[in-house]
Structure formats: structure tokens, C-alpha cells
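Enquirer: Below, each chain spelled out in residue letters.
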Amino acid sequence: KAGVTQTPRYLIKTRGQQVTLSCSPISGHRSVSWYQQTPGQGLQFLFEYFSETQRNKGNFPGRFSGRQFSNSRSEMNVSTLELGDSALYLCASSLIPGTRGETQYFGPGTRLLVL
Amino acid sequence: EDQVTQSPEALRLQEGESSSLNCSYTVSGLRGLFWYRQDPGKGPEFLFTLYSAGEEKEKERLKATLTKKESFLHITAPKPEDSATYLCAVQARGGSGNTGKLIFGQGTTLQVKP
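Same order as they appear, the protein sequences are chains A and B.
For the first sequence, the positions run 1 to 115 when our numbering is used.
For the second sequence, the positions run 116 to 229 when our numbering is used.
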């Protein structure tokens, strides 16, 4: 079974530009979450989607947005890039929401560098 | 506020020297505690899920345990290939519905020397 895939793997952008990252979940998984990882802050939750609806959102500015498509694939967008947005962006997928903890499986990440 | 703290930040072991990593958590209601392994430049790799105090899970040289306040990842007779950053995360009960949001600790970077 194929794992979570993310494209592109590497990106270099300049301040003020915008960027779109893509994530394809594991087949059959319907929930997708996004995280930002930096050396200083570690892994921080951005947002989560299930059935094309945002279920939860982390404490990030409105420049960060996302969406999910009917096939569960997800995209996240960052507008007006700042130097501090340089990070590894990770996508994770899980089956469906439930009462017990939902195991999330991570993709390889997209490394974004903002110059 | 839900919070996860891992210790130590870094750990150096000789091959074969067993040790434990600690994950202390404060959460309004625990739905699950997760351990991941992350190699440099890669995404976290799932290791274990623990749901309730007293639960234990094992995989090769790794054993994870859970109490009401903390979790331990025991590494028995480690090998150089066990070198990685080990991340602990929790999922909490939501006031308006459960979500998959993971709250991560800062990780423990383990180096195992031959």
C-alpha cells in the first residue's frame, strides 16, 4: 500500500510570493492534517480536513489556508510568504474520526525555503 | 493548556547500552499517545499508539509504556541504526468534538555509537 505522498519535495520562493503544496493520503484514509516543523518551534499543527471540511485549525495567521477535495487529496496555500515561513511542511493522513486516538501517518514533507 | 515535554533533549549511547526516553504530558482528556521516529530530512515514522494507563507495546528493541502522567520509550541493546529523533505526541478530547490534532513534544535526539 502506498504511503502519504507530498509534492513538491523542495521549493525555493522569495518573500511576498505565494506557494501551494499538495498531499495525497494513504488509500482509504479520509482525514488529512498539516503540520509545520521548524528547529525552534518543533512540529506545530496547522489544520485538519475530513470530508472536504476543515475540522480544526491551529494558531497560524490567515495567510495559511487549505482545502480538501472529494478524493481526499489536500492542498495547503501560503500567501505573501515571509522569511519565517521557511520550514518542513508535513502532511499526515488517518482513517476516519473516532472516539479513540486516530493514528496519523506522515508523508516525507515539503521543504520550503523563503529568500 | 495541553502540553508535552520530552527528556532528555539529546542522548548518546554506546551500542548495547539500554536506556529510556521520557514523555510527560498534561492534557484535558487523553485519547491517545503516539511515538514516532524521525530521521533527518524525512517525515515522522509511526511506532506506537497507547490509549490508557498501564498499556505497553513492543516492537523489536523498543517498548513503550504509559501512565496517567507520562510515557516511556525503553530501548534495549540499541544499535547504530536506532539513531534518530524520537517524537512523542498526544491527542486530546475536544470540547466541541474530537479531532486528529497532535500536540508534539520537542523530541529526543538519540545517537548510538558502535
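Because the hints were derived from the structure by calculation, they are not lab data.
We treat Cβ as the ideally placed atom computed from N, Cα and C, and that holds for glycine.
Be a bit skeptical, because a hint or two may be false.
What the hints assert, rightly or not - Okay, the calculated beta carbon distance ranges per label pair:
#: 1; chain 1: A; residue 1: E82; chain 2: B; residue 2: S133; range: 42 to 52 Å
#: 2; chain 1: B; residue 1: A192; chain 2: A; residue 2: F60; range: 40 to 50 Å
#: 3; chain 1: B; residue 1: K194; chain 2: A; residue 2: Q54; range: 27 to 37 Å
#: 4; chain 1: A; residue 1: Q54; chain 2: B; residue 2: K228; range: 22 to 32 Å
#: 5; chain 1: B; residue 1: K228; chain 2: A; residue 2: Q17; range: 27 to 37 Å
#: 6; chain 1: A; residue 1: Q41; chain 2: B; residue 2: S135; range: 35 to 45 Å
Enquirer: Against this structure, judge whether each hint is valid.
Expert: Going down the list of hints, with the structure as the test:
1. A:E82 <-> B:S133: 42 to 52 Å: 45 Å, holds
2. B:A192 <-> A:F60: 40 to 50 Å: 42 Å, holds
3. B:K194 <-> A:Q54: 27 to 37 Å: Hint violated: Cβ distance 42 Å, outside 27 to 37 Å.
4. A:Q54 <-> B:K228: 22 to 32 Å: This hint is violated: roughly 46 Å between Cβ atoms.
5. B:K228 <-> A:Q17: 27 to 37 Å: 43 Å, violated
6. A:Q41 <-> B:S135: 35 to 45 Å: The hint (35 to 45 Å, Cβ to Cβ) is violated, given that Q41 (chain A) and S135 (chain B) are roughly 26 Å apart.
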